[in-house]
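Peer 1: My request is simple: use the sequences and hints to build the entire structure.
So the chains spell out like this:
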Amino acid sequence: MSPHISGHFPYVVVLRIFGLRMSRNCSYNHTVILSRVIRFYVDGFRSMTLGRTLWCIILIKLFIMFAVLRVFFFPSYLQGGDEEKGEAVSAELTERMAQPINPR
Amino acid sequence: MDAIDSSLVDWSRAQFALTAMYHWLFVPLTLGLGVVMAIMETLYVRTGREFWKQTAKFWMKLFGINFAMGVATGIILEFEFGTNWSNYSWFVGDIFGAPLAIEGILAFFMESTFIAVMYFGWNKVSKRAHLASTWLTIIGATISAWWILVANAWMQHPVGMEFNPDTVRNEMVDFAAVAFSPVAVVKFCHTVSSSWVLGAVFVVGVSCWYLLRGRHREFALSSIRVAAWFGLFAALITAHTGHQSGRDIAMYQPMKLAAAEGLYEGGTEQALVLGGLLRPGADWTAASGDDRFLLKVEMPYALSYLATHDLQGYVPGIRNLLEGGYKLPDDSVALSAEEMMKRGRMAIDALAQYRAAADAETKATALATLEENFPWFGYGYLKSPGELVPPVPLTFYSFRIMVVLGGYFIALFAGLLLLGQRVTRWKWAQLAVVLTIPLAWLASQAGWVVAEVGRQPWSIQGLLPNVAAISKLDVGSVQTTFFIFLILFTLLLVAELGIMGKAIAAGPETDQTSA
Chain A
0 MSPHISGHFP YVVVLRIFGL RMSRNCSYNH TVILSRVIRF YVDGFRSMTL GRTLWCIILI
60 KLFIMFAVLR VFFFPSYLQG GDEEKGEAVS AELTERMAQP INPR
Chain B
0 MDAIDSSLVD WSRAQFALTA MYHWLFVPLT LGLGVVMAIM ETLYVRTGRE FWKQTAKFWM
60 KLFGINFAMG VATGIILEFE FGTNWSNYSW FVGDIFGAPL AIEGILAFFM ESTFIAVMYF
120 GWNKVSKRAH LASTWLTIIG ATISAWWILV ANAWMQHPVG MEFNPDTVRN EMVDFAAVAF
180 SPVAVVKFCH TVSSSWVLGA VFVVGVSCWY LLRGRHREFA LSSIRVAAWF GLFAALITAH
240 TGHQSGRDIA MYQPMKLAAA EGLYEGGTEQ ALVLGGLLRP GADWTAASGD DRFLLKVEMP
300 YALSYLATHD LQGYVPGIRN LLEGGYKLPD DSVALSAEEM MKRGRMAIDA LAQYRAAADA
360 ETKATALATL EENFPWFGYG YLKSPGELVP PVPLTFYSFR IMVVLGGYFI ALFAGLLLLG
420 QRVTRWKWAQ LAVVLTIPLA WLASQAGWVV AEVGRQPWSI QGLLPNVAAI SKLDVGSVQT
480 TFFIFLILFT LLLVAELGIM GKAIAAGPET DQTSA
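Those protein sequences? They're chains A and B, same order as listed. Its first residue numbered 0, the first sequence is counted upward by one per residue in numbering that gives the first Met the number 0. Its first residue numbered 0, the second sequence is counted upward by one per residue in numbering that gives the first Met the number 0.
It is possible that some hints are incorrect.
Covered stretches of chain A (in silico footprint by chain B; criterion: 3 or more residues with CB under 8 angstroms from a CB of chain B, positions within the stretch not fixed) [stated by the list, open to error]:
1) 28-39
2) 53-59
3) 68-78
None of these hints come from the bench; they were simulated from the model. Positions of the beta carbon are idealized from the N, C-alpha and C atoms, including for glycine.
Peer 2: Okay, structure coming up:
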């Protein structure tokens with residue numbers, strides 16, 4: 000790692016996660032900009048006050064939605080490939096056709 | 000056939016309605032308050048006064064609380080589509096999926112990108128860049144609303160698609176027709192402008208609370224001035240787009256209009272019911288009967304004019320819509336409900352024959368019958384014409400609540416602008432404005448009820464009623480999820496009210512000396 004970018008270490012790690020790297024060539028400016036963007040977000044999150052509570056609520060809510068409700072209470076009703084799903088819906092739509100019971 | 004339990008239809012509807020109505024508590028405040036805070040920040044950038052910056056920051060804080068509570072509550076609706084409304088989800092195919100996907104990818108990412116700059120960017124980006132981010136946040140949220148409302152408008156007035164009997168799906172053939180359908184455009188303008196009204200009512204209400212408590216006088220008066228102008232502008236647009244929406248309903252969903260007006264027997268030169276009391280227990284599907292109103296106040300000719308732009312215009316009532324026989328705007332004769340149900344059954348039968356056919360000739364004959372009768376496809380699931388009549392009292396009263404409150408909001412904003420600083424002397428007026436805050440939500444929810452209850456029994460107007468759209472689930476499981484949502488959303492609402500209340504009590508940092 001270049002000495003003049005060693006202060007960016009936490010951001011370099013994040014950039015690496017996304018498959019980006021810092022170098023001495025022309026991509027340096029590009030990565031520095033990205034690094035500043037990441038720093039912007041990291042600093043923003045660190046300086047939150049009320050936002051921390053709100054993020055906790057959001058994360059709990061998303062956990063309940065995706066890890067509990069979606070998994071245990073909302074499985075996809077139609078199973079299989081598109082052809083099987085089409086067959087199933089076709090059968091349902093045909094079977095549910097009404098026979099009139101009274102004029103009004 | 001295995002009959003669908005009517006309680007399954009009712010509980011599936013109740014579950015979806017509960018989810019949508021709770022979601023709709025948060026969304027209009029996001030759309031409305033977002034514009035108010037952006038206007039405040041624009042004033043800061045134009046004048047350079049720190050006061051406006053602090054004012055904008057305060058409203059942004061409340062916006063953030065509401066945004067955090069409301070974000071992702073709409074995702075549950077998508078879960079429900081896959082589990083409880085599987086036939087519907089498959090039947091609508093990509094038409095419904097495309098707008099929702101665009102909403103998720105484009106609008107939501109735009110919104111969430113710029114919201115970070117809006118909250119984290121004070122003193123880190125230039126004033127103008129920050130202002131642009133604030134506006135882009137709310138524009139992103141509004142574009143989100145556009146795509147959701149495009150999907151909803153398609154259900155009210157399906158256009159731009161063709162039904163493919165091989166896949167049993169509707170396939171989009173004209174994206175522009177779907178995205179810019181007149182119903183979608185009017186629905187978007189009406190919904191968004193009414194959300195602006197709600198945001199403006201919230202701002203003037205909170206500001207009047209400060210006046211009542213003798214706190215933050217300059218902040219409150221400045222916020223009232225900005226929000227009242229904005230609210231008045233929005234309320235007038237809402238009234239205008241409401242009128243346009245009424246014309247769309249008259250054209251594409253005449254049963255909804257008849258229910259909203261309590262119009263059993265239609266005709267020319269129809270009067271508009273300004274207010275009235277329906278006879279409890281009146282049978283709106285009976286062929287005849289007593290007057291269905293206990294009392295009513297009417298404006299002569301107004302309904303004909305509003306529906307057709309002609310004082311002599313013909314407006315069908317519930318009986319006319321069920322019996323048919325009247326002349327339509329294109330000079331054709333309206334079919335009776337019985338006839339449409341018969342054609343619907345022919346279409347469904349033809350679909351079954353098409354899919355079962357082994358030879359090309361049978362397939363072609365079945366396809367021709369299906370295509371000829373497809374506009375009435377959904378009517379084939381109805382057992383009796385009476386099923387076409389939505390709950391009249393709920394639609395009628397919700398419509399009047401919405402309209403009366405809409406008129407009240409116009410008077411409120413105009414009154415606040417006329418009063419100016421004199422509002423500080425009238426405690427009763429301040430209290431009235433504070434008490435108006437929940438009425439903004441009542442009007443918003445009433446509008447939702449008119450739009451969605453008024454179109455019953457349809458999931459997709461004319462093509463798919465609820466009884467065909469729902470999944471064949473155990474009623475108990477739908478009831479379970481209904482109560483889970485009720486508890487979950489109520490907790491969220493209580494949390495929002497608590498956090499919002501604390502933030503309001505803490506107040507802005509504009510003029511602490513007056514606190």
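Peer 1: Need the list of violated hint numbers for this structure, in ascending order.
Peer 2: 1
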